[in-house]
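Q: Here is how the chains run, residue by residue.
Number of protein chains: 2
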Amino acid sequence: MAAPRRIELVLDSVKRLLRIGATANLLNLLQKQHPADLAQVFSDLVDKDREATFSLLADRNGRLAMEAVSELGPEAGAALLATRPAEEIAKLAQEIPSDDAAALIDHLPEDLSAAVLDLMRPKESGVVENLLEYDEQTAGRIMNPHVFALSEDMTVGEAITELQSNRDVEMVFYLYVVDERNHLVGVVSLRRLLLVSPETPLKRIMTADLTSARADMDQEEVARIVASYNLLAIPVVDEENKLVGVITVDDVIDVIKDEATEDIYRLAGVSGDERAFTPAGESLRKRLPWLGVNLATAFMAASVVALFEGTISQITALAVFMPIVAGMGGNAATQTLTVIVRGIALGELSWGNSRKALIKEAMVGIGNGVVLGLVAAVVAYATRGDAVLGLILGAAMIINMFVAATAGTLVPLGLRAANIDPALASSVFITTLTDVFGFFSFLGLATVFMKYLVRAG
Amino acid sequence: MAAPRRIELVLDSVKRLLRIGATANLLNLLQKQHPADLAQVFSDLVDKDREATFSLLADRNGRLAMEAVSELGPEAGAALLATRPAEEIAKLAQEIPSDDAAALIDHLPEDLSAAVLDLMRPKESGVVENLLEYDEQTAGRIMNPHVFALSEDMTVGEAITELQSNRDVEMVFYLYVVDERNHLVGVVSLRRLLLVSPETPLKRIMTADLTSARADMDQEEVARIVASYNLLAIPVVDEENKLVGVITVDDVIDVIKDEATEDIYRLAGVSGDERAFTPAGESLRKRLPWLGVNLATAFMAASVVALFEGTISQITALAVFMPIVAGMGGNAATQTLTVIVRGIALGELSWGNSRKALIKEAMVGIGNGVVLGLVAAVVAYATRGDAVLGLILGAAMIINMFVAATAGTLVPLGLRAANIDPALASSVFITTLTDVFGFFSFLGLATVFMKYLVRAG
Numbered sequence: 001m002a003a004p005r006r007i008e009l010v011l012d013s014v015k016r017l018l019r020i021g022a023t024a025n026l027l028n029l030l031q032k033q034h035p036a037d038l039a040q041v042f043s044d045l046v047d048k049d050r051e052a053t054f055s056l057l058a059d060r061n062g063r064l065a066m067e068a069v070s071e072l073g074p075e076a077g078a079a080l081l082a083t084r085p086a087e088e089i090a091k092l093a094q095e096i097p098s099d100d101a102a103a104l105i106d107h108l109p110e111d112l113s114a115a116v117l118d119l120m121r122p123k124e125s126g127v128v129e130n131l132l133e134y135d136e137q138t139a140g141r142i143m144n145p146h147v148f149a150l151s152e153d154m155t156v157g158e159a160i161t162e163l164q165s166n167r168d169v170e171m172v173f174y175l176y177v178v179d180e181r182n183h184l185v186g187v188v189s190l191r192r193l194l195l196v197s198p199e200t201p202l203k204r205i206m207t208a209d210l211t212s213a214r215a216d217m218d219q220e221e222v223a224r225i226v227a228s229y230n231l232l233a234i235p236v237v238d239e240e241n242k243l244v245g246v247i248t249v250d251d252v253i254d255v256i257k258d259e260a261t262e263d264i265y266r267l268a269g270v271s272g273d274e275r276a277f278t279p280a281g282e283s284l285r286k287r288l289p290w291l292g293v294n295l296a297t298a299f300m301a302a303s304v305v306a307l308f309e310g311t312i313s314q315i316t317a318l319a320v321f322m323p324i325v326a327g328m329g330g331n332a333a334t335q336t337l338t339v340i341v342r343g344i345a346l347g348e349l350s351w352g353n354s355r356k357a358l359i360k361e362a363m364v365g366i367g368n369g370v371v372l373g374l375v376a377a378v379v380a381y382a383t384r385g386d387a388v389l390g391l392i393l394g395a396a397m398i399i400n401m402f403v404a405a406t407a408g409t410l411v412p413l414g415l416r417a418a419n420i421d422p423a424l425a426s427s428v429f430i431t432t433l434t435d436v437f438g439f440f441s442f443l444g445l446a447t448v449f450m451k452y453l454v455r456a457g
Numbered sequence: 001m002a003a004p005r006r007i008e009l010v011l012d013s014v015k016r017l018l019r020i021g022a023t024a025n026l027l028n029l030l031q032k033q034h035p036a037d038l039a040q041v042f043s044d045l046v047d048k049d050r051e052a053t054f055s056l057l058a059d060r061n062g063r064l065a066m067e068a069v070s071e072l073g074p075e076a077g078a079a080l081l082a083t084r085p086a087e088e089i090a091k092l093a094q095e096i097p098s099d100d101a102a103a104l105i106d107h108l109p110e111d112l113s114a115a116v117l118d119l120m121r122p123k124e125s126g127v128v129e130n131l132l133e134y135d136e137q138t139a140g141r142i143m144n145p146h147v148f149a150l151s152e153d154m155t156v157g158e159a160i161t162e163l164q165s166n167r168d169v170e171m172v173f174y175l176y177v178v179d180e181r182n183h184l185v186g187v188v189s190l191r192r193l194l195l196v197s198p199e200t201p202l203k204r205i206m207t208a209d210l211t212s213a214r215a216d217m218d219q220e221e222v223a224r225i226v227a228s229y230n231l232l233a234i235p236v237v238d239e240e241n242k243l244v245g246v247i248t249v250d251d252v253i254d255v256i257k258d259e260a261t262e263d264i265y266r267l268a269g270v271s272g273d274e275r276a277f278t279p280a281g282e283s284l285r286k287r288l289p290w291l292g293v294n295l296a297t298a299f300m301a302a303s304v305v306a307l308f309e310g311t312i313s314q315i316t317a318l319a320v321f322m323p324i325v326a327g328m329g330g331n332a333a334t335q336t337l338t339v340i341v342r343g344i345a346l347g348e349l350s351w352g353n354s355r356k357a358l359i360k361e362a363m364v365g366i367g368n369g370v371v372l373g374l375v376a377a378v379v380a381y382a383t384r385g386d387a388v389l390g391l392i393l394g395a396a397m398i399i400n401m402f403v404a405a406t407a408g409t410l411v412p413l414g415l416r417a418a419n420i421d422p423a424l425a426s427s428v429f430i431t432t433l434t435d436v437f438g439f440f441s442f443l444g445l446a447t448v449f450m451k452y453l454v455r456a457g
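Chains as they are written, first to last, in the numbering used here: chain L, 1 to 457; chain R, 1 to 457.
One or more hints might be untrue.
Heads up, the list lumps identical chains together, so a pair's fine if it works in one copy or across two of them.
[Unchecked claim] Under the rule of at most 25 Å between Cα atoms (straight-line distance), these lysine-lysine pairs were calculated in the BS3-like manner:
{"no.": "1", "residue 1": "Lys15", "residue 2": "Lys32"}
{"no.": "2", "residue 1": "Lys32", "residue 2": "Lys48"}
{"no.": "3", "residue 1": "Lys91", "residue 2": "Lys32"}
{"no.": "4", "residue 1": "Lys123", "residue 2": "Lys242"}
Simulated from the structure, these hints should not be mistaken for laboratory data.
Just chain L, with the same shape it has in the complex (with noise of 0.2 Å):
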């Protein structure tokens, strides 16, 4: 098993391995490695190294180079496909699984996927730029074309004769069952088929009430069905029922990984694709556009804060306890926003049955709204002296707080219903909501009771 401190072992030999130049230990090392440990190994050296393991390896045992470099994920493995000639990427790429390989060669740049297109052989290339026409994101994209399928009329006994003869198909569980057109018509476990006389028709025993995503299916519903399920694998249909392909646990569990990514960066404004290692110029363009949208937001408060210049220029305090108000209601909106925004993705939370959610996290927003309010207004009566100063701030608490626990519940809810991803558009209008109704209640508050408050100087 590959405890993390002996992939760090392994990752000290490589490094001093590299360094006295011994190649054949190296490559040997290398060779015993799970590709997953690789993967691991090859991540955490610096470029150089990287490059010239990799190199060292695919001359060797291109079939594990590959494998490893498919479990680095599209984007970094590409990257570090990216630094070989074409000639040996297309060789390399027939060396894994044709989904695996599509996504690969989807990711690099792009006269070079083209190049490497070219450079395959026909039927291989042609299988991945069959893949690469389905959109991304769906069944068809992530699916293995290379499905093993039985004919209806066959016995169990031609069964496994048949499984006998194709060692090399990864991961069997399920054996499909096509009729003649190659339709799918049932599905038998690989463990019935242990249970029966060879001689029963595989018709007889196979299941066909089965559970398939079409090949247009969003690669997110597909991972909610294996997971609800329990499914260790799906079989894809096209439009006619045709059996294309399959789709392994293991895939679903980098979508569900991936899903999970993108939820938690939307939120952020971080776009979907970008990762720790993505090069500062392309993370610098994906993270301004929602920097930009945020400053514009952030004048608009602002032009909120202006309207009461007057009021500030008379009690200046009003200055020191308005971004208080503010961001605690942006605080507490997020809460309320995380929540909501996973409830949606996790199928718990639909538009039917929100009004429950809404007065919960109303009831959360007035009760915290209270008891920080309480808090924040003893403390500005305790530094300033003055208790209607105390008073606006936590009235303008309690205020806010509602505001950011009603707006964080509908918006996201609102958005989905509307089809939009809640997570992607939600913070940046709750914050500005939050901000606007911190500034304009507390400043407001202050300007009505102005005549009450201890002036400054």
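Based on the hints, put chain R in the right spot on chain L.
A: Here is chain R on its own, set in the frame of chain L:
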């Protein structure tokens, strides 16, 4: 296949049949559903209807009812179970695998769970109690203790016979091989059994080098191993390498989802076990401490503003623009923080390769600062006619976005190195820092260059 639309149709029928009291038809409909679909129906019904439907189904088909409850997840599932008397819960709990029963019982109110354990058959409750003795979030807690194991002295033929007489063992794909004292010594895939003659000794075809998890291993580590090696199941052993259970990939998917939820929540200051329909009182108690810490840090930032009240009283425009500097720093820091925290969670980032990440983020921070600072400077100059104010605003934004980027990288990596969850503590630290630095740089620069600024009034 249960598309969302189909579930809605089922849900509508359930509501209608409940309303007209057509119990027989309702039971008929419910019994045709997959447990995962039933769970969805349960969660979409109002409390009263959910309890009525569950109790109806539990009387007729306890296993299906409990499988659906299990699919609801431990919190919501236990809440639904808790509406039934202890005797009934004890009977129902015996219908599902012990690991699922343990998860539900663990989430019942304390006195109820004790009563249920007392009322279960001694053998069953013993297994559940054993599971509950493992720490939360460990392999032991989520494993299924009913693992199908074969003796190393068997032949392939005997193994197949053994398998045939254990038809109800769930999800068998790997057959674990143990010695006479139950030590785990190897694994054979189901498929392998089909490919060799019945008299072959298991010992000859088993793989002795297999990946296992210690019962006290963190569930996140288990999930990482299963996901990176693309396993369908992992055997769980005790400290003497004796086989004590198995964790299947469907449990791993639940762990991955839960851990992603925890990460998303922690970044927003929400506790990992809160859900959209956690009762308001409980949510309030869970969210208040984090908001309390935020309030304290907000007052800290406010005290920085208070240092400059003299400046603000002369130039009130500063109060208008200062939230922009602090807020944009906070937004940029959140982006960096999210990418870094997720990079750590996905295993792409460690203290070892942090230098590269730091340089990248610093460059992105300065880049964002220059672009946005320039825009802000122009807008401030255009609306206020004060070029120096614009320059100060732009400069403060560049400084604060640089601080945001470096702190957003170093704080989570530092916390990780100190074995503190980086997601948990980072956001409070970071936004306090960007508030303090934002106010300080902007108001500080304004104070230094005050004589060049246009006075208010």
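Q: Compare the structure with each hint and give your call.
A: Structure-based check of each hint:
1. Lys15 <-> Lys32: within (16 Å within a copy, 59 Å between copies)
2. Lys32 <-> Lys48: within (22 Å within a copy, 59 Å between copies)
3. Lys91 <-> Lys32: For Lys91 and Lys32, only the intra-copy Cα distance (23 Å) is at most 25 Å; the inter-copy one is 51 Å.
4. Lys123 <-> Lys242: within (20 Å within a copy, 49 Å between copies)
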